[in-house]
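Asker: Protein sequence lines correspond, in order, to chains A and B. Numbered per numbering that gives the first Met the number 0, the first sequence finishes at 513, counting up by one with no gaps. Numbered per numbering that gives the first Met the number 0, the second sequence finishes at 106, counting up by one with no gaps.
Read the hints as simulated data drawn from the structure, not as lab findings. These numbers were taken from a predicted model, which means no experiment stands behind them. Some hints could be false.
[Claimed, not checked] Derived, one-sided and incomplete: chain B residues facing chain A with beta-carbon distance under 8 Å: (1) Cys16; (2) Pro20; (3) Phe62; (4) Glu66; (5) Val68; (6) Gly69; (7) Met70; (8) Ala72; (9) Ile73; (10) Leu82.
[Unchecked claim] Residues from chain B that keep clear of chain A, each with C-beta distances beyond 10 Å, as calculated: (11) Leu45; (12) Ala52; (13) Ser99.
Glycine is no exception: its CB is placed at the ideal position from the N, C-alpha and C atoms.
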Amino acid sequence: MKDSFTQSMDWLHTWGGLLFGWLLFAIFFTGTLTVFDKEITYWMQPELHHLPASSPGDIAAASRLLETLGGNSDHWWIQFPTSRIPVTRIFWKAGDKFEERLIDPASGDVLAARETQGGEFFYRFHYQLHLDQAGVWIVGTAAMVMLVALVTGIVIHHRIFKDFFTFRPRASAHRAWLDLHNVTSVLVLPFHVMIAFTGLLIFWQIYMPAGIDLFYAGDPEKAHQELERHIERHAQHSPAQLVSLPDLERAAREHWNGGTTEWIEVHHPGDRNALVEISRSADDRVALVSDRVTFDGATGELLQVWKGDGPAFLTYSVLIGLHYIWFDKTTIRWLYFLMGLAASVMIATGLLLWTVKRRERHAGEGATVGYRIVERLNVAVVAGLPVAVAGFFWANRLLPIEISERALWEMRLFFLAWMVCAAHAFLRQNIAFAWREQIFGSGMLFGLLPLLNMATTQSHMLTTIPSGMWRLAAVDVTSLAAGMLLGWTAWRMGRHVKITSQATVRPQTEAEPV
Amino acid sequence: MRWVALALTYNGLLALCLAMPKHYRQVFPRHQPGVRASLLRLGGWLCLSASLAASVAVNGWAFGPVESVGMLAIAGLTLVFILPYTPRIAALAGLAGLLSASIGLLL
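So here's chain A without its partners, still in its complex pose (with noise of 0.2 Å):
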């Protein structure tokens, strides 16, 4: 009985690995990518790069700016600078659509940045796919298989503690790849499982909507307003001056404790109804939740202080904060980093494993359809999408700043690059030059990034160095470190390959490892 379940969980783990898992890979990768979102947002704006790090925002500039940009509109955010991104950022809704500016939070300017989704894109791609709510649904699926596959592979691997510090690179391919699939999986197991769940959690009303149908009448709204409990009023139509918000802004952090600001919504600004509502950053604490002090915006009287501390939210906030990790820990980030990286490769190992398992078992013999496809789309997905990230990076620095839908060519050349690198994973005859080819091409994106930066921004490696602007120097030493490890490895392939065909002839004789 024992080995038919442990035989059950082992086909689970196999097929339900195999299908998701070039998924699982995509979104591993682009959210190990997303984990600097921000930081990547601000490498690809060098129009910004002149701002001195974390000055604060000035308010009254920013609600001026908004009187005369937005005077019309209804409804106004201002976002301060973050030690992330030292911008201030100003919304306001103009009709149906939002407007948005980036102003210098010194001297109030506007400023003029390069059209880009930076960041962002890694993010929409990693969370939906740029495919909205079917997205959504599909990345969920995912999830939830990865859940599946990590459950399955504790179960069938037989040495979980004895092999735990196990690798043995110079043994057999398969015992190679395995062992690293190994480490990779349970070294790292903590936070493959909480990433995984928490990941779900996210949209848990998308995934999970009983509780809403049942109790909110299937609005999720009515849920959102009972557990943040925002107060709503209607425009009155009488003009009032809205009171000056750097005072609203002093009074509100005196409730938090040493927190900052992060945003400033107005609602109804310069309405005898006009509502104030200033939210503390989170940039401080685990938990996604922003602590809020509302006023009258016309009065500048004291309405509401919210803090998000219901046991319940305050659990959700913690474990979808522990996903997203908004808050600013250099060292965390970095670990968050590394250890999707390790997700990337257990995923991409995992996948391996299963043509090199098939490989050994059916030497010699003709290869079926299926093993082919699964071949080549591993190279297009797990060789192919580093070069398309780095290609990314590229067209940031190359297209030029003036066309328009500037931001929509940055992702179209991302998705023209990976589609190419699927054809020749598909069209290269020899499969070993397929991978080889393309890692030696992503190595070669990435390690000369730097140098292409410096062709085209004053910001580069030899400026930010000198100048300790670590967040933009770690974008450029990173890359032309995975350049270098890229390259590393794509030269060892190389050889690789020189040796193996020329010992094919004789047969392969594996001891079985202690």
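For chain A, the structure is supplied; the task is to place chain B on it using the hints.
Answerer: Only chain B this time, still in chain A's reference frame:
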């Protein structure tokens, strides 16, 4: 203090790793861990507990454990990737980490 936490995590995992005969032989090819295995195991768990304490001391109870789990994963992977190629360096890296961490603490 963060470096102290990382060095302790690495050494904790290294000690637990060396407590297993097959890994002990990787570093010291002619010896068996023998009674040292229990000592290594004890030392390993002590180091890991101390590293959690250090992380919590720097970051508080909210962020400390998060950082600690991340360090466990990354220190573990570092050890596992060095060990098969240069086992001696994997062991010496632990010593170097401890040494630099204690110098950092004293200064």
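Asker: Against each hint, give a clear statement of whether it holds in the structure.
Answerer: Going down the list of hints, with the structure as the test:
{"no.": "1", "hint": "Cys16", "verdict": "holds, 4 Å"}
{"no.": "2", "hint": "Pro20", "verdict": "violated, 10 Å"}
{"no.": "3", "hint": "Phe62", "verdict": "holds, 6 Å"}
{"no.": "4", "hint": "Glu66", "verdict": "holds, 5 Å"}
{"no.": "5", "hint": "Val68", "verdict": "holds, 5 Å"}
{"no.": "6", "hint": "Gly69", "verdict": "holds, 3 Å"}
{"no.": "7", "hint": "Met70", "verdict": "holds, 7 Å"}
{"no.": "8", "hint": "Ala72", "verdict": "holds, 4 Å"}
{"no.": "9", "hint": "Ile73", "verdict": "holds, 5 Å"}
{"no.": "10", "hint": "Leu82", "verdict": "holds, 7 Å"}
{"no.": "11", "hint": "Leu45", "verdict": "holds, 18 Å"}
{"no.": "12", "hint": "Ala52", "verdict": "holds, 16 Å"}
{"no.": "13", "hint": "Ser99", "verdict": "holds, 17 Å"}
Violated hint for the displayed structure: number 2, the only one.
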